[in-house]
Amino acid sequence: MAIQHASNAAAQSEAPSAARRRLPPEINILGVMIGMMLLFEVLGWIFVGQSFIANPLRLKIMILQEAVIGIIAIGVTQTIIMGGIDLSSGSLVGMTAMVAASFAQTAGFSHAIYPGLTGLNPFFPVAAGLICGLFAGLINGSLIAYTKIPPFIATLGMMVSARGVADWYTDGEPIGNLEDSFAVIGSGWWPVVIFLVVAAIFHIALRYTRYGKFTYAIGANPLAARVSGINVERHIVLVYMLAAGLSGLAGIVQTARAISGQAGVGVGFELDAIAAAVIGGTSLAGGVGRMTGTVIGTVILGVLTSGFTFLNVGAHYQEIMKGAVIIAAVITDQYRQRKRRKA
Amino acid sequence: MGTIGPSTAQVVRQSGAVPGAEFLLEVENVRKAFPGVLALDNVSFRLKRGHVHALMGENGAGKSTLMKIVAGIYEPDSGSFRLKGQEIHLTSPLDALQYGIAMIHQELNLMNFMTVAENIWIRREPLNGFGLVRHKEMRRRTSELFDRLDISIDPEAEVRDLSVANRQMVEIAKAVSYDSDVLIMDEPTSALTEREVTHLFQIIRTLKAEGKGIIYITHKMNELFEIADEVSVFRDGKFVGEHPAADVTRDEIIKMMVGREITQMFPKLTAPIGEVALSVRNLTLEGRFRDISFDLRKGEILGLAGLVGSGRSNVAETLFGVTPATSGTIAIEGKEIAIRNPGVAMDAGMAFLTEDRKESGCFLLLSVVDNMQIALLRHSHVRAGFVAEKAVEALCREQTASLRVRTPDLDEPVLNLSGGNQQKVLVARWLMTHPRILILDEPTRGIDVGAKAEIHRLISELAVKGVAVLMISSEMPEVLGMSDRVLVMHEGRMTGIVDRKDATQVKIMELASQ
Chain A
39 MAIQHASNAA AQSEAPSAAR RRLPPEINIL GVMIGMMLLF EVLGWIFVGQ
89 SFIANPLRLK IMILQEAVIG IIAIGVTQTI IMGGIDLSSG SLVGMTAMVA
139 ASFAQTAGFS HAIYPGLTGL NPFFPVAAGL ICGLFAGLIN GSLIAYTKIP
189 PFIATLGMMV SARGVADWYT DGEPIGNLED SFAVIGSGWW PVVIFLVVAA
239 IFHIALRYTR YGKFTYAIGA NPLAARVSGI NVERHIVLVY MLAAGLSGLA
289 GIVQTARAIS GQAGVGVGFE LDAIAAAVIG GTSLAGGVGR MTGTVIGTVI
339 LGVLTSGFTF LNVGAHYQEI MKGAVIIAAV ITDQYRQRKR RKA
Chain R
4 MGTIGPSTAQ VVRQSGAVPG AEFLLEVENV RKAFPGVLAL DNVSFRLKRG
54 HVHALMGENG AGKSTLMKIV AGIYEPDSGS FRLKGQEIHL TSPLDALQYG
104 IAMIHQELNL MNFMTVAENI WIRREPLNGF GLVRHKEMRR RTSELFDRLD
154 ISIDPEAEVR DLSVANRQMV EIAKAVSYDS DVLIMDEPTS ALTEREVTHL
204 FQIIRTLKAE GKGIIYITHK MNELFEIADE VSVFRDGKFV GEHPAADVTR
254 DEIIKMMVGR EITQMFPKLT APIGEVALSV RNLTLEGRFR DISFDLRKGE
304 ILGLAGLVGS GRSNVAETLF GVTPATSGTI AIEGKEIAIR NPGVAMDAGM
354 AFLTEDRKES GCFLLLSVVD NMQIALLRHS HVRAGFVAEK AVEALCREQT
404 ASLRVRTPDL DEPVLNLSGG NQQKVLVARW LMTHPRILIL DEPTRGIDVG
454 AKAEIHRLIS ELAVKGVAVL MISSEMPEVL GMSDRVLVMH EGRMTGIVDR
504 KDATQVKIME LASQ
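Those protein sequences? They're chains A and R, same order as listed.
Okay, so the first sequence: first residue is 39 according to the numbering used here, each after it adds one.
Okay, so the second sequence: first residue is 4 according to the numbering used here, each after it adds one.
In isolation and in its complexed conformation, chain R is listed as follows (with noise of 0.2 Å):
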């Protein structure tokens, strides 16, 4: 691939297998502190070759930041790094990729007005004698490459036209492109569907089999058993563990990662079901999803089932007035009204949790009262248009307790919160407002065990107290464990509702690819 890199990149390389080296990759006591907090406190691992070795940890824990140092994005403060048994010391993520180890960045880093194959070969694009970049042999070798992977994108498509899951793909396709030995991967499957998620493991499964080493950092048990091999585990910047997977059980894990016992975690409580709350009918979103109909009771919590594309979003941000119906009606207690924004939706008594934090649900760079007050302000704690500061305050202070958010104080910007602690400030934003009707939008997306059962629990109570849940969820447990009925999606149609009593992961998931 005519690397550009130092010397004893390509020497390493080269190398192949140095005798006696078992490992890929070996890090010993490693730490890495950060000014008031240490991140790594003397932390060892290591990687064998064709291995899957998934890393578990509660968010903060240090699995992140031990992958950026694999990564060559922190330098560790001391610790000694070895790859293919020889000692290195990385600088950059470009020195890491020249030695063959590639990231791939749970947040896409990809450029989103550019076509495929521009993306994957930037920086290394075939020229021709006056400079010039050979569109044709780029398509060529990004076809190759798909091919190899058994990846079906075309590469000439722009990334922005792209699925989340495809752009995923692309961003797998292009640290493999790199010919590296090393792939990290940080959540991968976050954004992506069942179907998808077993495409990825294809993929690396192809991977292993070449003989390169994956590093899989991962909150879901059900994949690591599915394509680990080892686990690390981290809690609080230390390392707790590390075991084949197959001799672990799940609660044995949670256990290491938590330091305590978690015997149920879906806390699901059973709540007494009332009257209708919400009344869809032939709800249409042109281009979108067509006839969805049903009815959601108070306490009830009703899951909404389907794979990523399959118009659940949609459906929930047409109930909340985001993008208004083109056709059916929506009645909220027995009353028909027209959503045609959040407003409306609000002034009728809904909130909705959002899917994605980061787009659509945090101010990153407002503190966390703002963050918290900001829906509540529509209706209350506003006098002559003065906010009643003290008051607000003192309910953020309830909420921030109650919901045991982890921040330094009231005023710190939600960006420096770990994405569990930002989630219970969304959580937090919407419980202030005394909605009768929840919409929750992947409500534990990308937070740790602990910040889930805490989640489940509360959406639970909400449940008992009379609130009518509707929420959407791609993790088929999360799901199950949840929901009273699971109504479940398909291309845009409602292919059926099933009773808490008759669902099971392959009943919906037939309902979800038929």
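Chain A with its partners taken away, still in its complex shape (with noise of 0.2 Å):
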């Protein structure tokens, strides 16, 4: 309440901060992740003499093992901004890599999940894994929107069932022998152009579209968005039904890459993926984030990751620096909003 008098009479004669507001949001994290790079690269030059950003190579490594995590942040981050969570992401990506690995195996080989179904077109695998991500999130967005249970319950459940279906489909077996055609979705660079054109689509969506004004509203107050006249309930499962299937599509890029289905994989992604969309400033009271900051959380977490590898720092060092960062992220960004709102 505090806060809110102070704002009030603020709001008369905000002229100074109008100008400074233009600037966009993301531009204090771009300079966290830009002084990130600069901080690893003299780092680099005095502890392993050479240089961190001038190596195409490691950026390169850096960007592929984020773009997949960066496919699931972009649709987590909208569950956020409609004041929601999946948690369900990183176990869906498990089971959308095996369904879709089965469809993908190459003619005729001997041992395949189903052997009158080898040599497809790659059309196929991308089909099934897109299908089985969104069929998972219209469980999770139905039970939200109509069980009114918290995100966070439904999602955990869809979390550990997702990751049974996942074990449960081969018994762990990893699906190998997989198509040319199917795996250059996962060469080179596209893993990450493939990243790059879903943020841009869903940057435009959440923007200039009726779909990312109602998201925003619903995260922002889903009283008021319902007396408003929006179907809150068909939204919500609109809205994970499009972010299981940017993880269904993860788990094909992922499976993919790695020329094999794995159960296990995407385990502990939806964590990096959240923590993402939180560093990218989406903020988890819901109706505030963008999907520009997200695109550069993810490239943060990538320069953490890669930047500590590069200075030697053991796995377990990582982890604990990075969730450092996490917090400290959080941190600033309140403090930030609280200042806003003051000044």
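Please keep in mind that the hints were generated in silico from the structure rather than gathered at the bench.
Just so we're clear, the structure is a prediction, and the values are computed from it rather than from any experiment.
We treat Cβ as the ideally placed atom computed from N, Cα and C, and that holds for glycine.
Incorrect hints may appear among the rest.
As the list claims (entries may be wrong) - With the C-beta cut set under 8 Å, the calculated list includes, among others, these residues of chain A facing chain R:
1. Tyr246
2. Arg272
3. His273
4. Val326
5. Thr370
Using the hints, put the two chains back together into the complex; each one sits in its own frame.
Next up, the structure:
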């Protein structure tokens, strides 16, 4: 209440800050990202005697390993903006990886999962993976919209069950011998291209379409959204379907990249995706967030991993640092928001 | 009560009346600036023991800021602050409480899932030897407190089960429980019915008799004359004047508040009454209201009066499909339709300004444009999913200008707008959809006199253009001033429809409380 009143007074003469606000809020995290890269650059010269940035191979690996997380994060960001969360994305990657792989095996492979369905056009495994994801999203969304259970619980249930499906599918056996035409999707720069194209599509959708306006509105105040004539339930189902569909896409890309379907893939991805969204400025309270922020957040996670690896910091230390960075991002963001409202 | 406060606090409190301290509280030349705005400009204010001192002024005039300084929420940039003649310096609301200054906030700050008693004694629970809470003792103290104030609420009830009015009573009891000498009430009646207001005034009189000083922020003129001893008026962060309430007139106060004369508060225009726009028969929502029947004509303003809890807002929500009816029929322009959700109602040409701005109206974090356009987008200004941003923005600009919404720009989050301006944004949201039937639930609650008159004028002009208006209001002058007819409800039933020429406050109150 104190904050609100202060801003009431401030609202009447906020001309100076209006200009400042025109800068996109991503500028800050973009600065953090560049700062981090420069820091690793300096530390690189001090401790390992080489450049961090001027190494195309390292940058490529860094970007590639984050592309899959990025694709998930695009969906997760939207559920968070809508005031929800999606914990099932990592498990859905595992589940769709298995399903997609099972339709992508090479012609005539004797131990194929579906011996009659080998050597298919890559369209089929891709479609199978996406449909599988969308279906899981339909369940997520319907549970949340119509039974009114909290999104955290609904998607937690899906997280456990989907991982179960992934393990059950082949009893944990990896699915190998995949078609080259399918594997192309995960080769070279393709994962990054897919990530960026999808990010661009949803950036536009959130900013310029009715879909986006409704998503923000529901996140900011679901009751007001309903009274404004928005079919809130239907929109919730739609957003969760898109999010899970994107997890499916991530599963496909991941499988194509590894040229093998593995049930254990994607463990913990959901948390990285949430972290990317939050680092990028998406508010867990809903109503606030941008796709550009999530893309930068994803890259920051990549920079961290690859920077620490470059400096030969052990994996355990990396995890510790990553956790700290996520917390720091949220604290800075809250501080900034408070300042903005008071100013 | 065993305060553990700073020692000076105890000295001041125990000192009772310091010789020569005629005033309980004296604030002098207080200045408070927020970045970009001077909220208080050398303001002074004095409160006498046993008096009710009303603060009036438009939203943003500085009265809430001043009260937050008195309650220790803000620290002033400069100025002096004396309590019972002694100079003090508050650093936090807790500090203020320990000095005996308690504030009852406009937005209620109770914990929903805790009992009434737990809420009142929070942080001061009576403990036994093991450090565990003595619930019986707590209940006893609560009952004692309630008896003193003549409040009848079960101390064991959970706060979430209480009506807004009862929550307000609990807040007041809590403030009193601190044995405060100074009580600040920020629009305490905005959610209360007439009867509850009467009860509140009784409580205030009891407190007065006990020698407490009460600072009473209000927008309602009649309350001022009923309860206040003095009135101070603020405008644009400046102190305009202080008068004994008995010596000023309503018009003088309004003049001081707005700095201009308002000759007619409710400029109701005569609108040609057309054919029936909305026809309701035996509308029932099980457990809320039953057998509501009326016709609403084009150009007509139908007032919907009744005590809070009489089902007025439920009727509005059902008409708009927020909570669909269990039986009965609704016909719009002669065609019967089943309004299953707000979308159906909107498709039929209805618009609904809800009662609670923050809860079901505003998207506080979103911009002015986003708030205004959201209803519009259902029917127009969207091509292949894409919003026609330029056209929408032009429309918003038009509305902002014609409703005189005060905002730095259209990208401003509505969180940063004052209550009156938020309300105008919501009005704009619905005007942009060109409704033929407009349902308004407390359209002017908690907004200042200037904005109020503007909204009244607007409603009246819409009626002239042939819009059928259903207006719920707890404020009698508003109902009487604006309505062509008044439908009165009592405990979920219609008790009568009164014509404008027969409508008097007494008549309506009789029907509302029979």
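Here is how each hint holds up against the structure:
1. Here the hint on Tyr246 of chain A is kept, as its CB sits about 5 Å from the closest CB of chain R, short of 8 Å.
2. For Arg272 of chain A, the interface hint is violated, the least distance from its beta-carbon to any beta-carbon of chain R being 10 Å, above 8 Å.
3. Look at His273 of chain A: its Cβ only gets to about 12 Å from chain R, farther than 8 Å, so that hint breaks.
4. Interface hint status for Val326 of chain A: upheld, as the beta-carbon distance to the closest one in chain R is roughly 6 Å, under 8 Å.
5. Against a cut-off of 8 Å between C-beta atoms, the interface hint on Thr370 of chain A is violated, since the closest Cβ of chain R lies about 18 Å away.
When held up to the earlier numbered hints, the structure conflicts with 2, 3, 5 and fits the remainder.
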